[in-house]
Amino acid sequence: MSTSDTALRPVPQVIAHEVTKPRQSKQWVDWVTTTDHKRIGIMYLVLTFVFFALGGIEALLMRLQLAVPNNTLLTPEHYNELLTLHGTTMIFLFVVPVMAGFGNYFVPLMIGARDMAFPRLNALSFWLLAFGGVVFYFSLFWQPPEAGWWSYPPLSSILYSPSGGQDAWIFLIHLTGISSLVGAINFYATIVNMRAPGMGWGRLPLFVWSVLIYAILLIIALPVIGAAVTMLLADRHFGTHFFDPTDHGSPLLWQHLFWFFGHPEVYIMILPGFGMISEIIPVFSRKPIFGYKAIAAATCVIAFLAVLVWGHHMFASPLPVVVMGFFMLSSFLIAIPTGVKIFNWIATLWRGSIVMTTSLYFAIGFIAIFVIGGITGVFLAVFPVDWQLNDTYFVVAHFHYVLMGGAVFTVFSGLYYWYPKMTGRLMSETLGKWSFWLMFIGFNMTFFVQHALGLSGMPRRVYTYPPDVGWSTYNLISTIGSFILGFGVVLTIVNAARSVKKGAISGPDPWKGNTLEWFTQSPPPVNNFDVIPRVRSVEPMRDIRRQIERDTGVTQKTGGSEQFARV
Amino acid sequence: MPRALRSDAKNDVDRRHAREIRRRLALSVAMILGASLLLAPDAFANFLTPKSGGSPNADAIASLYKIVLYIAAVVFAVVEGALFYSVYKFRAKKGAVAAQIHGNTRLEIGWTVGAAVILVILTTITFIKLPSILNPPNSSANGFAASDGVLTASTTEPSPPNGKKLVICITGRQFIWAYYYGAGCETDPYSSKVPYSYQEMYVPADTTIVLHIQSLDVIHSWWIPSLGGKVDAVPGYTTYTWFKASKVGALYHGQCAELCGRLHAAMTALVQVLTPANYQQWLTQQEALISAQEQQVLTLRKELLATGNLTPDLS
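Heads up: the sequence lines are chains A and B, in that order. So the first sequence is numbered by our numbering: it starts at 1 and just counts up by one. So the second sequence is numbered by our numbering: it starts at 1001 and just counts up by one.
Worth flagging that the hints you see were computed from the coordinates, not collected in a lab. Just so we're clear, the structure is a prediction, and the values are computed from it rather than from any experiment. Beta carbons are placed, not taken as given, at the ideal position from N, Cα and C, and that holds for glycine. Treat the hints with care, as some may be off.
Stated by the list, open to error - Calculated cross-link-like contacts (lysine-lysine; reagent style DSSO-like; alpha-carbon spacing at most 27 Å):
1. A:Lys-433 / B:Lys-1089
2. B:Lys-1129 / B:Lys-1164
3. A:Lys-433 / B:Lys-1066
4. B:Lys-1094 / A:Lys-433
5. A:Lys-433 / A:Lys-502
6. B:Lys-1164 / B:Lys-1066
Claimed, not checked - Computed footprint of chain B on chain A; a stretch qualifies when at least three of its residues, placed anywhere within it, have a C-beta under 8 Å from a C-beta of chain B:
7. 138 to 144
8. 192 to 203
9. 450 to 457
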């Protein structure tokens, strides 16, 4: 690059200023008809957090029912409806789309693009999701589904689940599936084609890497579940027998199809969270990410292995031992790249100058929790051990450690990190730290004892249990913990709601971030960037700050932490 | 000293004080939680390991589990230790500058290989332990003598080396388990007139018992934790497992482990271990009871037909 380019490069805003009023009017029509990736991103986040709250309330109701033995608070019918609603909501209406929400807002900003590749498809993705949620939740007014989020036939067949709730579930999968598929194609096209000049694959931010892999996994997995639920719909209403054992169909076919989607889905849910952590930890350690290439490669390897491990959900089903052996080994293999990521994050913290913001609290809380989920995952991959643990509360504990850690704690970390970019204001750190500690303690209280419950023989999805089997104390601890956890979540939601108006003005780059979203104003203007800088490393903003130091002699405080000590 | 600086110093002291209070608070909360867990009356019954003690396969699974647990505990301690140490040790301090390290190929290869080695060890141990979980031993000399020695065609059905086992067929349906005792139960439990019972299974001690598991409606899962792992009952399939209980008088609890409908939680199972002699006695008694009941139904049916209160089945 020539020196004249240097002179043309805009000096980034480093002084905090009052947030200017958005240029558009605030009428709801503007929001409903918008194709701006930032507005769609915010709509995604608001909508998915509404579903998160609903799913949370469902979980708390179930925990209340299980607090004491032989409880009659809920009928068995309502309990089954709640467990189906909770699982389906959290997976299809919260975790997967919340990642799409962050991706929508930040992928174009991080790669220096002015919008997504297909802005109108982007709006379509959002509205399909919203309608999927509406279709599903309207079943509350008639008869919600009650066959669990796996909806195993024959239980989900017309004979054993005659209500339309099961069909509402099928349409939810169809609508959110098309939504995610369209969104995934959009992400793929955006990331492949619209990167800033100089941003080769080796300079792509790790969050964007993870969204790219998320998109590819969605494109691989979603058609399979789409086909499976269509077959289920045909079985239920059009006289086919795909899954009907009384007429040459096989319930096992559903299990294979469902988990061929279902396991990649787990990585769809947590890889973007991993990506966020890979962005957040370097910023608050004031260090570059340790082993950028290893983390990007591990993401790809996880995605590849993710489509080869579905059978570990079926170890109690009629499968040959050789097949179980294969799935044990493939599940073991996936532990390696996952472990590599954890080691890399810890190595990034090592010898850093760590600034303890709420965002980093959640990031570290995530690692601490996820390590436990990863380790219990190895227990479950050993198929003879799984014969004891499968379908018990041990599994419930395991996947909440994986998903609450891998998705909820990372999303909260990302929320505290990016909130100032989205609103121009900081969230309260005091409230945030209270929220973190309540969530962290509440989470471990709720779910750690569930390992013990599973080991002492409590199956999942039971609406009650007798008093003489030794499960009462654990269940009570778990229920108390779940309310502490819920209270912690509420604090963050309150924090986010009140900081829109009352938060401290953040300025364009409150954390001295590394990636391009911090180059523009907070919130960014409609076109994101007037000038898109040339990218020369994984940390373009650091390069720019260094350049400014060289050009102007004003210290940009990139290495130290003085400006953070009091946040 | 300028005023502003002095108040800064005072603030610093206050802040340190507040931090100390917070740290103590966190510590005491953790201690209360830990203590409440320790003092819980039924805690520690099965806090760390799956249930076992009823049958050799359950014991083998529990011992495999323990090996995984020990390795996991070490990994857990090392990783969480490194995490919390680095967060504690490398907190931002005045004047501290972060080391600008981008990576270390040798270290990264090291921990990748390290993780792989642990998993290779786990795989090896699993396959060493596997035969004792999959393959049933022979019945003991004092076991139930009438165990049949017929070799079946199924390749997935577990069978002891001498082929002598007691076959019990299990049928799951919403929301009860039914048991059919003895050879021939699988072909047609009704016409072969084998004795049956519901919910509570009676078995002879020291005898290798092979279970044939089927379902009549939705998917269920057979699971008696102390007697081994769970096996799904999938309609259209027959699945198998085995156990060999040795404690006479023991009563083992279990329940359906796969969501099967509204009363899933009520689909419980009991296994009562009897001496072989008592088992034979129970079988005879059960057969007599069943035929008495059938006789009673026949009599009632005849009466109803005679009085015109039941139309004969013409189909």
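Right, here's what the structure says about each hint:
1. A:Lys-433 / B:Lys-1089: 20 Å, holds
2. B:Lys-1129 / B:Lys-1164: Holds, because 23 Å separates the two Cα atoms, which is no more than 27 Å.
3. A:Lys-433 / B:Lys-1066: 37 Å, violated
4. B:Lys-1094 / A:Lys-433: 22 Å, holds
5. A:Lys-433 / A:Lys-502: Judged against 27 Å, a Cα distance of about 18 Å means the pair holds.
6. B:Lys-1164 / B:Lys-1066: 31 Å, violated
7. 138 to 144: Violated - the stretch 138 to 144 of chain A has 0 residues with a Cβ nearer than 8 Å to chain B, which falls short of three.
8. 192 to 203: violated (count 0)
9. 450 to 457: Coverage by chain B holds for the stretch 450 to 457 of chain A (4 residues, Cβ < 8 Å).
Hints 3, 6, 7, 8, counting from the list given before, are not met by this structure.
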